[in-house]
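K.L.:
The chain contents come next:
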Amino acid sequence: MLDDVELSRGEVTLRNVRFSTSGGGVVALLGPNGCGKTTLLRAMATVTGVDSGSIRVDGLDIADVSNRETVRSWIGYGPQATRFHAATKVFDALDYVATLRLPLEQRLRQREVWRMLDQFELREEASRTVGELSEGNRQRVTIAQAMMGPPRVAILDEPLVALDPEIRMATSASISALARTTTIVMASHFVEEAASLADLVVVLAKPSSVDEGASSVLFAGTPAELAGVGDGKVWQAPPGTFDLPGSSSWRTEKGVLRGIGPRPFGAEITPPRAIDGYLILQRGF
Amino acid sequence: MTAGITDEQLDAYRLGRLDAESDAAVEEMLMTNPSARTRLNALASQPRLDDLWFDISNEIDRPRPARLERIATRLGASEAAGRLAGATPSLTRAWIGALCALAVLSLIVSSDAAEGQGRFIGFLVIAPLMLIGAVALAYRRSAEPAHEIAIAAPVGGLRLLLWRVAAVAPVAILVNVGVGIILRGGWFSIAWLLPGVALTFAALALSATYSMVKSTTIVGVAWILLMSIVVSAATDNLIAFRLPAQLFWAIAASVGAWVLWHRKEHLEQAVRW
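Sequence order for the protein chains is A and B.
Sequence positions in the first sequence follow our numbering and run -14 to 270.
Sequence positions in the second sequence follow our numbering and run 625 to 897.
These are computed hints drawn from the structure, not numbers from a lab.
Bear in mind the structure is a predicted one, so any value in this text is a computation, not a measurement.
All C-beta atoms in this analysis are idealised placements derived from N, C-alpha and C, irrespective of residue type, glycine included.
Check each hint, because a few of them may be wrong.
Interface residues of chain B toward chain A, partial, derived using beta-carbon atoms under 8 Å [unchecked claim]:
id: 1; residue: 678
id: 2; residue: 684
id: 3; residue: 685
id: 4; residue: 686
id: 5; residue: 704
id: 6; residue: 707
id: 7; residue: 775
id: 8; residue: 777
id: 9; residue: 778
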């Protein structure tokens, strides 16, 4: 789907980004702030162009203006912190996007709007204004508008950010339910949650760690493969153990010390998780 | 037996509520009787109960459309066009305020009766600016809710922009005509219209390259420069608005419309907010 994309916008440069997916499933883009997740998603959503390389959706190059209307009709896009006008009613906001995106007559279009409102438990909020919503519900409106149709590909920028844990769980569940029919490409910095949702995880590097301040793909694979990066490298030590210089470690529940790098006395190798693989990739252990 | 089949029976057949024997009888009748088939089709095409239920709940639960949208659809815009033009609460206080401020300004600069007809020049220069200014202000990027979503949508930028211009322009035109009438400008009350349309098309055509605000600024500044040159060079300061000049504006507006039409494929996907 993405082939050797080279993108530069402002401060962020992405190089040699390449991954592909097929029908359905979740692709999670992970990486530190400023590594170009949003830049990449905006390019995929046809909001900005790419400098070289190509992005294809079902074989169509999205940079080609003659394909654009078709490609755009396949894509739902939920930018980060979408701000509908505070005075717009929730129903109107969704119906507005539906009018922009779906080639349906009023009745079918509004049926789709209600279906999404029900799916995200927003029916009660339909007549309230966007400004009156809680942060969590506003976030759901953003996801719901991107999922109307449903589109072939939904591009969601940080759909889980600013949600309290309970709502984050519920939203994750909705996303994986929707991923049965739609390919969802989402950026996230919740590694564990993204890994539990995703079929394909793409880790982007910190800008500084690669040549000339450009970011590129450090890893692309399944969550299990991401965890596998940490095979034999992650240790766990009983409470009261102190870490050694040069290691990277943190306390988990019950005071257990978990880390990567030089192993303190009494520490034992433990099965890695996706977050361990992510940290190893980012910190170069 | 041809005449003996009732609508109730056909409906029961359609919904599979007949016992096997009557079911077979109706089926046989349908094979041989075209008019019964037509009646069955008519019954089948009636809206189903859950469709009706959806319509009712949609009517009740859906919030009332915004005022601008209701006015647009009442004036004959399609429902979808009304939604697109009206969903942006763009007729904000700031916009109305700016419009009124310009109206007051043109009243002031054009009210010195001692100058005769020449006093209309202030009004005539400002009025077209009100038209393009209205379009730019109403649809500047910050007035577009979630403008990135709109950019990524298949509905082309140009179509969207034109619907919105159609929604905003009448208000600016009404205000201008009102000012013209107050000034007792006679036919000069509308002499600004063709230049205004030409400027609007020019700004729209530029919006493929620059943002709407930038392209209107460029066109607006060009207009003011042109007018100050004309007024300082010509003996008749209204020369740009008299009949021969109106012909020129009409041609300019047509060229603008032609360019928009000709490049619509490109503009459709390239228009920026």
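K.L.:
Evaluate each hint against the coordinates.
P.N.:
Right, here's what the structure says about each hint:
{"no.": "1", "hint": "678", "in the structure": "holds, 6 Å"}
{"no.": "2", "hint": "684", "in the structure": "violated, 10 Å"}
{"no.": "3", "hint": "685", "in the structure": "holds, 6 Å"}
{"no.": "4", "hint": "686", "in the structure": "holds, 6 Å"}
{"no.": "5", "hint": "704", "in the structure": "holds, 5 Å"}
{"no.": "6", "hint": "707", "in the structure": "holds, 5 Å"}
{"no.": "7", "hint": "775", "in the structure": "holds, 5 Å"}
{"no.": "8", "hint": "777", "in the structure": "holds, 4 Å"}
{"no.": "9", "hint": "778", "in the structure": "holds, 4 Å"}
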